[in-house]
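Whole structure, please, built from the sequences with the hints as guidance.
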Amino acid sequence: MFSNTFPLWPTRASTISGQVDALFIFLLLLCGLMCVSIFIAIVVFAIRYRRRPGHVATQIEGSNAVEFAWTFIPAGIFLVIFVWGAYIYFLERTPPKDSMDVYTVAKQWMWKFQHTEGQREINELHIPVGRDVRVIMTSQDVIHSFYVPAFRIKQDVLPGRYTIAWFRATKAGTYHLFCAEYCGTNHSGMIGDVVVMEPAQFQSWLSGGGPMGSLSQTGQGIFQSLGCSTCHRMDTQGRGPNLMGIFGKPVLLEDGRTVTADENYIRESILSPAAKVVSGFKPIMPTFQGIVSEEQLNALVAYIKSLSPQPSGPAQTPTLKVPDASKADSRQR
Amino acid sequence: MASTAVAAPERENYLNKEYGIGSWLFTTDHKRIALLYLITITFFFFIGGFFALLIRLELLTPEGDLLLPDTYNKMFTMHGQVMIFFFLIPAVPAVLGNFLIPIMIGAKDLAFPRINLLSWYLLVIGGLMMIYTILSGGVDTGWTFYTPLSTHFLDTHVIAAALAIFVAGFSSILTGLNFIVTIHRMRAPGMTWSRLPLFVWANYATAIIQVLGTPVLAITLMLVALERVFNLGIFNPQLGGDPLLFQHLFWFYSHPAVYIMILPGMGVVSEIVTCFAHKRIFGYKFMALAVIAIAVLGFLVWAHHMFVAGISLYAAMVFSLLSYFVAVPSAIKVFNWTATMFKGSVSFSTPMLYAFGFIGLFTMGGLTGLFLAALGIDVHVTDTYFVVAHFHYIMVGGMVMAYMGGMHFWWPKISGRLYPENWGRLAALIIFIGFNLTFFPQFVLGYLGMPRRYWQYSPEFQVLNVLSTAGATILAVGYLLPMVYFLWSMRYGKHAPDNPWNAAGLEWKISSPPTTFNFEETPVVTWEAYNYDEIPEEVPVG
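Here the protein sequences come in this chain order: A and B.
So the first sequence is numbered by the numbering used here: it starts at 1 and just counts up by one.
So the second sequence is numbered by the numbering used here: it starts at 1 and just counts up by one.
Certain hints may be false.
Not the full set, but computed from the structure, chain B residues with beta-carbon under 7 Å of chain A [unchecked claim]: (1) Leu149; (2) Pro243; (3) Gly310; (4) Tyr324; (5) Leu367.
Negatives, chain B to chain A, calculated, CB over 10 Å [stated by the list, open to error]: (6) Leu57; (7) Leu163; (8) Phe299; (9) Met317; (10) Leu321; (11) Val477; (12) Lys494; (13) Asp498.
Partial pick of chain A residues on the chain B-facing surface, computed with a CB cut under 10 Å [what the hints assert, rightly or not]: (14) Leu28; (15) Phe82; (16) Asp156; (17) Ser188; (18) Arg233; (19) Gln237.
Please keep in mind that the hints were generated in silico from the structure rather than gathered at the bench.
Beta carbons: idealized from backbone N, C-alpha and C, even for Gly.
Printed below as a string of structure tokens:
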């Protein structure tokens, strides 16, 4: 009961959180040891060699051997910490291929989420336990930061581009979502809940809430109503490239560079089409800056992604063993 | 050994040579300018401290109740701006450095005495602009001015604040320039580089950063102002700019600025530890090299403030690795200070208590830096109270402790008076306790996930916040005490002998307070720094 009102350790609710905690505990012990050794040395020296009648200081110039020892030994230890920290960061920054995508638009001072199935929510994000989730984020105004302490995950959300965070929740419950980058007046009010549900519950949550098209269907509607389909035809006769199957593939540009057709590339090609023109095409596409909203952009991106066969669909059932499923409904902070 | 000092008519010195406001406002004496700086930054320290107190009071409860959210945002913004640009950066160099560097190297003054006075005027002009900003409604960008928030989404006095810092920056550049030239050109005969006190080395390293780094901040703030006024697309993506460019430019200065703030403090501690252990410094060469290494490497680690900002995976790894490199020379310094006490003759005078505090708190601040440089952990704790605690351990636990220690150490030289020793020790103890109570809980809050710059917070964070606020009130008492007894000592304190601590160094060979030109004749230096074997030990009385 006391620990509910005065916790000293944050809840662990993602696959990465245990790894972060392990390194953190290692550092606590290591740095604690270094700190205590220095404190003890200071206290012992200060008392043992305190100024008193009859005691004279012995002048010592120094010692190269000692200096080299306390230069290179700490340096070696630091390298170990660096490698360990970099390894965890590599995992945090490398989303698995087969993941569930959630599109996110941050704005002063709210979080808007769009699920690929079509569900939309504000300041609440429902996700299933045991699935890799990629949060594809952009901001409508200033820089925000998507922070879920229980997942040990944080990623700034920038205007004008997508940034991505990913995690796999291991424990059902409700967790804090904070904006961690100062974003103006109501920064501390830009908070929400991440609701982690058992897969079955999540499925029923997804199907609740009335009929609606999936995000890619919405995107298809926008694609047609904006007239994109007149140039980007599903054959080789269009004035623009055929978008079928391009997502995630390398694209050869007019200037000879090759880029990967990821979310940021598609976004840029809609907003600043002249920036990266595909080889063999003319820069004739107009910009859609100011015409499509961030949410519509997300739908368009989702639609173009749906034109490429996914390595495995959302039908795949997660098989991860879920610890502590009995606490599914308790609010974990 | 108390009253070897002088009777009724005082000897002529820099303080009593001339009187009148004009003799101060138009002085070119580095010692008088140091005192002008002292008054200025003390004033700003209490303004910044007042903002801090309001922040801590607001955070006593989870609800936002004492202040409006915009007011709270202004408080932490101006607390940061005032404390960093108008207190911490000028503190040791402009006050103690100005006073001591010429004396320590055996010179009459700095190389450019008038530019020195100009530097002070620039700080005052910048300071007045900052006060204008505060009085006309304040600014709420955060001290970091992140774009596009600062350029297009706030209606407060962003440009006034940016220009205030811009002007104060030139004060810092000119001080740095003055120190570099002085240390190169004005050393007394025999005062070779390898005989320089480490305080001079530390200020030299600082001056290099001031001269090379500060112009980048000035440019960056100008670009913010230009984008704000003329809608130029530099940082705002809606105008074709790049918000990360701002962060790179800002931290290119603002990370080295952390070393502008801490290196002079390290210099102070080297002087204090040797004096009160009555021993030469352990590993002089390594100590001197370490400050230069920190100054150089400090320029190569800026993007460690941006690990979650959207920089590439590999950029983050390079900056993490380089950040560990800069930790090495800092570690060397801590080890050497500790080793200096080995077989010394350690006295527990007030300055030494501050030096103990510095070493302990700087060690904790430095070690928590290892956590933040570890990429995987930084993702979790960056932009939380963990970072707030970390940099306050370095800046307040480290730098302010060193500054207070230095003020006590050199007060007899500066004022010609002794402060009450027992009050000094008591204040040092109160500051140490108050500091830890304020900032240690913030490490825990940070790991729990409480983001920084939050006006209201989740109730489970309250206990730790209450502890922190309690500590802040203790800390405030601790800072007011020296203010009171320093002022008291100017009138009622015992006259100080020339060398009250039996310390090494040229500044202790001249009168307290010094005469206007410091030395009657140019000294010839034939000894190394910290030649404590040639100086009798002060035997504790009673």
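For each hint, the structure was consulted:
1. A cut of 7 Å between beta carbons decides the hint on Leu149 of chain B: the least distance to chain A is about 4 Å, and the hint holds.
2. For Pro243 of chain B, the shortest C-beta to C-beta distance to chain A is roughly 6 Å, which falls under 7 Å, so the interface hint holds.
3. Contact between Gly310 of chain B and chain A, as hinted, is supported at the beta carbon level, the nearest pair being about 5 Å apart and thus within 7 Å.
4. With 7 Å as the threshold, the beta carbon of Tyr324 of chain B comes within range of chain A, its nearest partner Cβ sitting at about 4 Å, so the hint holds.
5. A distance limit of 7 Å between C-beta atoms decides the matter here; for Leu367 of chain B the minimum to chain A is near 4 Å, and the interface restraint holds.
6. With 10 Å as the threshold on Cβ separation, the claim that Leu57 of chain B sits away from chain A holds: the shortest Cβ distance comes to roughly 16 Å.
7. No beta-carbon of chain A is positioned within 10 Å of the beta-carbon of Leu163 of chain B; the least distance is around 22 Å.
8. Every beta carbon of chain A lies more than 10 Å from that of Phe299 of chain B, the smallest distance being close to 19 Å; the non-interface claim holds.
9. Look at Met317 of chain B: its CB is around 5 Å from the nearest CB on chain A, not clear of 10 Å, so calling it non-interface is violated.
10. A Cβ of chain A approaches the Cβ of Leu321 of chain B within 10 Å, the least distance being about 5 Å, so the stated non-interface status is violated.
11. For Val477 of chain B, the requirement that its beta carbon stay farther than 10 Å from each beta carbon of chain A is met, with the minimum near 25 Å.
12. Listed as outside the interface, Lys494 of chain B is consistent with that label: its C-beta sits roughly 21 Å from the nearest C-beta of chain A, beyond the 10 Å cut-off.
13. Listed as a non-interface residue, Asp498 of chain B keeps its Cβ farther than 10 Å from every Cβ of chain A; the least gap is roughly 21 Å.
14. Using the Cβ-Cβ criterion of 10 Å, the hint placing Leu28 of chain A at the interface with chain B is satisfied: the shortest such distance is roughly 8 Å.
15. With its C-beta approaching chain B no nearer than about 5 Å, Phe82 of chain A sits inside the 10 Å limit, and its interface hint holds.
16. Against a cut-off of 10 Å between C-beta atoms, the interface hint on Asp156 of chain A holds, since the closest Cβ of chain B lies about 5 Å away.
17. Restraint check, Ser188 of chain A versus chain B: the minimum CB separation of about 4 Å is within 10 Å; hint holds.
18. Of the supplied interface hints, the one on Arg233 of chain A is violated, with its beta-carbon coming no nearer than about 31 Å to a beta-carbon of chain B, more than 10 Å.
19. Of the supplied interface hints, the one on Gln237 of chain A is violated, with its beta-carbon coming no nearer than about 34 Å to a beta-carbon of chain B, more than 10 Å.
Violation of the numbered hints given earlier is confined to hints 9, 10, 18, 19; the remaining hints are satisfied by the structure.
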